[in-house]
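First to last, the sequence lines map onto chains A and B.
Just so we're aligned: 308 in this note's numbering is position 308 of the first sequence, and the numbers increase by one with no gaps anywhere.
Just so we're aligned: 39 in this note's numbering is position 39 of the second sequence, and the numbers increase by one with no gaps anywhere.
Simulated from the structure, these hints should not be mistaken for lab results.
Heads up, a few of these hints could be off.
[Stated by the list, open to error] Cβ-to-Cβ under 8 Å is the rule here; a few derived chain A residues that face chain B: (1) ARG48; (2) GLY244; (3) GLN245; (4) THR246; (5) PHE248; (6) ARG249; (7) TRP253; (8) ARG284; (9) GLU288.
[Claimed, not checked] Derived lysine-lysine pairs resembling DSBU-like cross-links, with alpha carbons at most 30 Å apart: (10) A:LYS260 - B:LYS53; (11) B:LYS67 - A:LYS291; (12) B:LYS64 - B:LYS30; (13) A:LYS291 - B:LYS30; (14) A:LYS294 - B:LYS53; (15) A:LYS291 - A:LYS257; (16) B:LYS64 - A:LYS257; (17) A:LYS260 - A:LYS291; (18) B:LYS53 - B:LYS30; (19) B:LYS53 - B:LYS67; (20) B:LYS67 - B:LYS30; (21) A:LYS257 - A:LYS294; (22) B:LYS53 - B:LYS64; (23) A:LYS257 - B:LYS53; (24) A:LYS291 - B:LYS64; (25) B:LYS53 - A:LYS291.
Backbone N, C-alpha and C fix where the C-beta goes; we use that ideal spot for every residue, glycine too.
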Amino acid sequence: MSTPTLNQAPLHEYSGILGIGAYRPDIIVTNDDICQWIDSSDEWIRQRTGIVTRHRAGRDVSVVDMAEGAAREALLGAGIEASELGAVIVSTVTHPYATPSAASLLAERLGATPAPAFDVSAACAGYCYGIAQADALVRAGSAKYVLVVGVEKLSDVIDNHERTISFLLGDGAGAVVVGPAEQAGIGPSIWGSDGSRWDAIGMTHSLLAVRDFSATAMQNDGDTDDAAVAADETRLWPTLRQDGQTVFRWAVWEMAKAAKQALDAAGVSVADLAAFVPHQANMRIIDELAKQLKMPDSVMIARDIADAGNTSAASIPLATHRLLQENPELHGGLSLQIGFGAGLVFGAQVVVLP
Amino acid sequence: MASNEEILAGLAEIVNEETGLAPEAVELDKSFTDDLDIDSISMMTIVVNAEEKFGVRIPDEEVKNLKTVGDAVTYISGAQA
Chain A
1 MSTPTLNQAP LHEYSGILGI GAYRPDIIVT NDDICQWIDS SDEWIRQRTG IVTRHRAGRD
61 VSVVDMAEGA AREALLGAGI EASELGAVIV STVTHPYATP SAASLLAERL GATPAPAFDV
121 SAACAGYCYG IAQADALVRA GSAKYVLVVG VEKLSDVIDN HERTISFLLG DGAGAVVVGP
181 AEQAGIGPSI WGSDGSRWDA IGMTHSLLAV RDFSATAMQN DGDTDDAAVA ADETRLWPTL
241 RQDGQTVFRW AVWEMAKAAK QALDAAGVSV ADLAAFVPHQ ANMRIIDELA KQLKMPDSVM
301 IARDIADAGN TSAASIPLAT HRLLQENPEL HGGLSLQIGF GAGLVFGAQV VVLP
Chain B
1 MASNEEILAG LAEIVNEETG LAPEAVELDK SFTDDLDIDS ISMMTIVVNA EEKFGVRIPD
61 EEVKNLKTVG DAVTYISGAQ A
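Chain A on its own, in the form it takes in the complex (with noise of 0.2 Å):
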């Protein structure tokens, strides 16, 4: 009996990005707002983290809404249809349902069914996650477009009397789409993980406590102690919090090793660059990243963290989406991006700009 040859998806050699989208909600919350939750002052938390305002979304405005604002834009700069997107990548770790996916309804909203869809989780490394994978899937021939969506209502997910992390929080939405190019577009992925510091970075406390709380609460009709309930931090809704000297000891050196590795992955050097745009997670982070890569004065670097806040997957592209607005020479050059964040993971590559 012979053999039957399979065929395989034909190889796409070069990738790119097409076109870029952002969404940023309207809601404008500032330094004084902060200080209403946690004792501090406008002055101390610029220089501790060079953010001045933050733009977080209502009620009303959820984590689909948002992308599907980015998408849009990100369709029209790329120039196709939403019916002709081979995948919908959509990276965010607050989509509050843990099915089905933000992605899979984000399609069908935008009119891209029967495009596969599926959520990335890997937090403030997720657009790179993603960009790798659009990468990947376009060269190998699995899709011809992939949409790429960065996503998140942090402030879903904060405490406003926590001092750790909640106060840099904001929500947004960054998109891009990736499609197949004349020459190459995106740079060889470095991306990995470290879950031996799981804990530097995360939820206070899983989900199933919610639940057990919740069951207890019914055994007794209902008829909690609230002194109770604020005593046992358990019982509430889990929120984020971070060891912030591990995470900025990691962000800087161990990143700053990354980031060398992607320059030298894609063949260039800082100074090739027209771009530097790191995860927006806190400005002394940018700088001294910036510091240890020995970034030229011709490299500019993304500094949207001062009005956007830390928005975590959704950062890069939000702040990639305002240097190509405000600097509208920098269409066509390369850009270094790099994404850290909880899990530990993180993901760097060299693009070029849409």
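Following the hints, complete the assembly by docking chain B onto the known chain A.
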């Protein structure tokens, strides 16, 4: 291996570069946070630069115990041995 005096001088140089504080202000009994007004992020930068300068490893959990400049000198001196 650096002597305690050399470690102190080296630390003072690192603190000066990070914060602009005069090297003479960096004395053994000074608290990093209370006397020198060094925040947690600057402290990490100082720690990483000290690791490089003195060829030692200062783990994250150890940083919390380094309250004074003297604590840091003692730790680095011990770690070099």
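Inset, instruction - Please write out, lowest number first, the hints stated earlier that are contradicted by the structure. - result: As far as the earlier hints go, not one is violated by this structure.
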